[in-house]
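Engineer: Use these hints to put chain B onto chain A, whose structure you have.
Protein chains: 2
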Amino acid sequence: MQTKITLPESDIPTHWYNVIADMPNPPAPYLGPDGNPVPPEAMLAIFPESLVMQEVSGERWIPIPDPVREALTLWRPSPLYRAHRLERALNTPAKIYYKNEAVSPAGSHKPNTAVAQAYYNQQAGIKRLTTETGAGQWGCSLSLAGQMFGLDIRVYMVKVSYQQKPYRRSMMQTWGAEVFASPTDMTESGRKILAEHPDSEGSLGISISEAVEEAAGREDTNYALGSVLNHVLLHQTIIGEEARKQLAMVDDYPDMVFAPCGGGSNFGGIAFPFFADKAAGKDVKLVAVEPTSCPTLTKGVYTYDYGDTAGLTPLMKMFTLGHDFMPPGIHAGGLRYHGDSALVSQLHQEGLVDAVAVPQLETFDAGVLFARTEGIVPAPESCHAIAATVREARQCAETGEAKTLLFNLSGHGHFDMSSFDRYFAGELEDFDYQESAIQESLRHLPKVG
Amino acid sequence: MQTKITLPESDIPTHWYNVIADMPNPPAPYLGPDGNPVPPEAMLAIFPESLVMQEVSGERWIPIPDPVREALTLWRPSPLYRAHRLERALNTPAKIYYKNEAVSPAGSHKPNTAVAQAYYNQQAGIKRLTTETGAGQWGCSLSLAGQMFGLDIRVYMVKVSYQQKPYRRSMMQTWGAEVFASPTDMTESGRKILAEHPDSEGSLGISISEAVEEAAGREDTNYALGSVLNHVLLHQTIIGEEARKQLAMVDDYPDMVFAPCGGGSNFGGIAFPFFADKAAGKDVKLVAVEPTSCPTLTKGVYTYDYGDTAGLTPLMKMFTLGHDFMPPGIHAGGLRYHGDSALVSQLHQEGLVDAVAVPQLETFDAGVLFARTEGIVPAPESCHAIAATVREARQCAETGEAKTLLFNLSGHGHFDMSSFDRYFAGELEDFDYQESAIQESLRHLPKVG
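Protein chains in written order, with the numbering used here: chain A, 1 to 449; chain B, 1 to 449.
If you are wondering where the hints come from, they were derived from the structure by calculation, not from laboratory data. Treat the numbers as computed from the prediction; the structure is a model and nothing was measured. Careful: at least some of the hints might be erroneous.
Quick list of the computed label-pair ranges, beta carbon to beta carbon [stated by the list, open to error]:
id: 1; chain 1: A; residue 1: Leu352; chain 2: B; residue 2: Ser10; range: 36 to 42 Å
id: 2; chain 1: B; residue 1: Met186; chain 2: A; residue 2: Lys282; range: 56 to 62 Å
id: 3; chain 1: B; residue 1: Thr404; chain 2: A; residue 2: Pro63; range: 30 to 36 Å
id: 4; chain 1: B; residue 1: Arg391; chain 2: A; residue 2: Pro63; range: 39 to 45 Å
Where a beta carbon is used, it is the ideal one built from N, C-alpha and C, also for glycine.
Excised from the complex, chain A in its bound form (with noise of 0.2 Å):
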């Protein structure tokens, strides 16, 4: 009975795939806020060409440079579970597999494309990163980074998750990175915040202004996002391809794929893959899980909208609540983001790619009876994915179907444990659904055009 589906190094993807090529339509363009879509070169201001390009390409498979490969051997291949545990204590006739992205010395999936982007950043003479983090595993992984390719890295944090997470602020000191809470009066888009709003807890949106705003006024330095792009979601296929590999050495294959989904990387990462299956006529479900206090595919509108709070990015058609939807306090910060993925959004507004909305407490209802069957402390963004398959497990055990079901555990929740602690105190809440808030938000899209 087999428990971990493990690769030989010589395994890891030599080529991420691109989902654009399997797409029935093609992605919506980038737009400007006259309407016009965004020339490629008009991101140059703040990333390489060489991402620009990946960002645009159409090409299917897009070969991994070899110091990335080795770069990534430091974790990779990550191991596949089949969770024989958690499926005993669910009584389920369901079979559960994770992919552990958790290995990675960061923590979480999030090194994957943090390396390819700093070594892109480095191969192109820039100097110096900078970055939004929420939950803090971007930017550690961004931080670890940029030290193995020799890069500066400066790290704007939300404030919740700096205040919620002093340790993760710690991680990303140790490799070498500078880390400020935001919104801070560092920048015109962090003054302009904390003008309205002095209490601001930050969010993603927020964070993310900040890092533009810096990165675009300095010639030596260039921005790195941790989700939403492209090109990120593209470097994260490699769990996909990983896992789907370690499936047929068990000759299984999901029925449904789940992952968190705030930006949309994690989710693509492991789903994209299986797409390319899916286009060709599989039947798989591939599941995006949000949380209802953030419920950006299940009651955002698909629209065009800025990445950022402040709209200092280009227009991306996307499932949003509005650019400045100021998310509640839920300790998955890294689900706290009023947007998505174009790509996920496009796939999901097709029909192509579901989405469930899962509240605070059951996250963490199933995070904690994940670790006392798997052993793995699971970080609150996953504990998203594992709601979401304990729900399909406990279905299959009612219908007696037997369901093969594939979920990622992207990363562990060693430094949220104040949350856990929350969680047995009785004091985590099930934030409402907050729809005057979004409505309100939703009448600040942008005009286009």
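Structural biologist: The following block gives chain B in isolation, referenced to the frame of chain A:
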């Protein structure tokens, strides 16, 4: 250029290696205060018979029960790494390998014995285990194992660590355990210490006294120790067994093996399977690394002493600083132990095991270098092995020798970030060697017979 050497799940060892079979002399017996050997039956008050039999066995290979091997699959076999990036940073001709035991759910090598001990106790009908923990690694490991085998766990955590590492406590609670800062007023041993030293920061010796006292007084409750005893070191030998096999896969063999040494299970775990080769004539140096502030092997005396502070354990012949020696509050809580494994001590006395002591700042220097090259943030205990390996690799850079060095990365530092904060803030001390304190505690060595 291979980085990570992995074994399939089927290669989890089927037997533990018992070093006693290859020692030149039989181990010195445990003695009672009257100077007579303690009969194995005397240990049955706090240990199940199966573990007592392992404690005194002379068999070279002891089979690992299937349920224990199944539990081990959650994280084993653990990967062996070639530290290419660290080697380049040191510009050394030495080849550096490390066994990564940080991949277990509890974050260290400790679950290797925790699952075995939980299993044997459950088989013996025990409902509840008490234990001590220093840095929290062992407490977490037993909490995890207790959860897996349906046992209640009560942990006496050394007070200084309880304060430095609150999230280790949260993690134990996530796995369902009860945790107390030791010394407590719940046991006679604890009350006695508090009466004499109301501000006591605690020590492993004190916590052991508390846990043993409680277990000895209850029928349904046994005690579990995370290090020192023969059966604990036995369970850890799967580390060295796997490492030996992994090195053979890349046609290599270590000239030197390094591991942190507190109670000895970390060191014995990786070193003993190589001792088997040494006993057969192979030239391999086994180096136990300890803190200069708690220099048991390098500055202690080899004599009979108690394993705990209150004198509840049998007398063991070992290197000791005196059972009431109070080590300074260094951040490597797992190495704050006055004594050492009797097996490691005897082999050191016979010149078959080497020892070196490293000051606190050097260990953090090495740990940060490791984090910035290999990515993983190491536990302060593991930083000791890294520091000694780095010393040797730098020596090789001077002499030009291309030695093969292997160390045990016994755990990650995710719960030790406050220690790294203090290191970066320049607040960490190199505690002086406490000559007078050691001389004082050595005056309290028990009279035997």
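Engineer: Could you run down the list of hints and mark each one as holding or not?
Structural biologist: Against the structure, the hints come out as follows:
Distance hint for A/Leu352 and B/Ser10: a CB-CB separation of about 39 Å, consistent with the stated range 36 to 42 Å. In this structure the supplied range 56 to 62 Å holds for B/Met186 paired with A/Lys282, their Cβ-Cβ distance being about 60 Å. Checking the proposed 30 to 36 Å range against B/Thr404 and A/Pro63 shows it holds: the Cβ atoms sit about 34 Å from each other. Judged by the Cβ atoms, the range 39 to 45 Å given for B/Arg391 and A/Pro63 holds: they are separated by roughly 41 Å.
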